[in-house]
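Participant: Sequence:
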Amino acid sequence: MRTILIIAGALALSACISVLPDAPPASARFQVTDVTFDAAPVQPAAWSLSIEEPMATRAYDTANIALSRAPAQIEYYAGGEWVDRAPRLFGAALVRSFENAGAIRNVGAFSTVPLGDFALQTDIRRFGAVFDGGRVDAKVEVFARLTNGRGKVYASRMFTASNDAGGDQPGAVARALNAGATQVQREIVAWTLEEANAAYAK
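When you number the sequence shown by this note's numbering, it's gap-free, plus one each residue, and the end is 232.
In short, the hints are calculated from the structure, not lab data.
Be a bit skeptical, because a hint or two may be false.
Label-pair ranges, simulated between beta-carbon atoms [to be verified]:
{"id": "1", "residue 1": "Gln199", "residue 2": "Ala228", "range": "39 to 45 Å"}
{"id": "2", "residue 1": "Gly201", "residue 2": "Leu145", "range": "37 to 43 Å"}
{"id": "3", "residue 1": "Ser57", "residue 2": "Ala220", "range": "20 to 26 Å"}
{"id": "4", "residue 1": "Ala70", "residue 2": "Ala209", "range": "34 to 40 Å"}
{"id": "5", "residue 1": "Ala231", "residue 2": "Gln103", "range": "45 to 51 Å"}
{"id": "6", "residue 1": "Gly109", "residue 2": "Ala229", "range": "44 to 50 Å"}
{"id": "7", "residue 1": "Pro71", "residue 2": "Gly109", "range": "40 to 46 Å"}
{"id": "8", "residue 1": "Phe161", "residue 2": "Gln73", "range": "22 to 28 Å"}
The C-beta atom is built at its ideal place from N, Cα and C for all residues, glycine as well.
All chains should be built: construct the whole structure from the sequences, respecting the hints.
Facilitator: Below, the structure is given as structure tokens:
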């Protein structure tokens with residue numbers, strides 16, 4: 031009788047074992063990194079800077095990695111994505127880059143520095159891969175505007191970066207886009223410091 035019970039228990043346990051196939055591995059997720067600088071100025075600027083969250087159309091306001099095979103056509107890679115919405119990642123990295131520079135005494139996102147002497151507004155015009163004659167270019171285009179936060183514009187400029195992704199895989203494209211994003215961040219930091227210092231001195 032004991033043997034029968036043991037066999038019955040084993041059969042019941044085996045019936046509970048899942049026969050479903052293993053779940054597919056999760057898609058790779060990618061980050062936008064900030065810029066580091068060799069040394070901070072001895073005397074940080076006395077003015078303050080509020081960095082607003084970047085604007086973007088719905089084509090790029092997503093965690094999906096965008097690609098364009100033809101003008102006015104947007105698709106997305108299936109095998110990888112950003113860890114958050116691309117504009118939010120770029121904006122957070124840009125804030126950290128300004129902080130890393132150590133060139134401004136009071137700088138931060140609008141939520142922490144809402145009433146800065148200057149406000150930096152950015153509009154992401156492109157943030158994705160572009161197919162061009164068999165080559166895959168990772169293109170980053172950001173329009174920046176330096177204002178007083180109340181409508182007066184001191185300066186504006188388009189920043190662009192283009193890097194050969196070296197392949198059509200989401201990982202390669204994400205790394206090339208990150209390289210472009212860091213290049214644009216570095217240029218925006220330098221441009222903002224130059225323009226704001228000039229405006230503040232007037």
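Participant: Decide, hint by hint, whether the structure agrees.
Facilitator: Now the hints, each set against the structure:
1. Between Gln199 and Ala228 the beta carbon distance is about 44 Å. The supplied range of 39 to 45 Å therefore holds.
2. Taking 37 to 43 Å as the suggested C-beta distance range, the pair Gly201 and Leu145 conforms, at roughly 41 Å.
3. For the hinted restraint 20 to 26 Å between Ser57 and Ala220, the CB-CB distance of approximately 35 Å leaves it violated.
4. Hint check: Ala70 to Ala209, Cβ distance near 24 Å, so the stated range 34 to 40 Å is violated.
5. For the hinted restraint 45 to 51 Å between Ala231 and Gln103, the CB-CB distance of approximately 47 Å keeps it satisfied.
6. Taking 44 to 50 Å as the suggested C-beta distance range, the pair Gly109 and Ala229 conforms, at roughly 46 Å.
7. At roughly 43 Å, the beta carbons of Pro71 and Gly109 sit within the given window of 40 to 46 Å.
8. Between Phe161 and Gln73 the Cβ separation comes to about 48 Å, which falls outside the hinted range of 22 to 28 Å.
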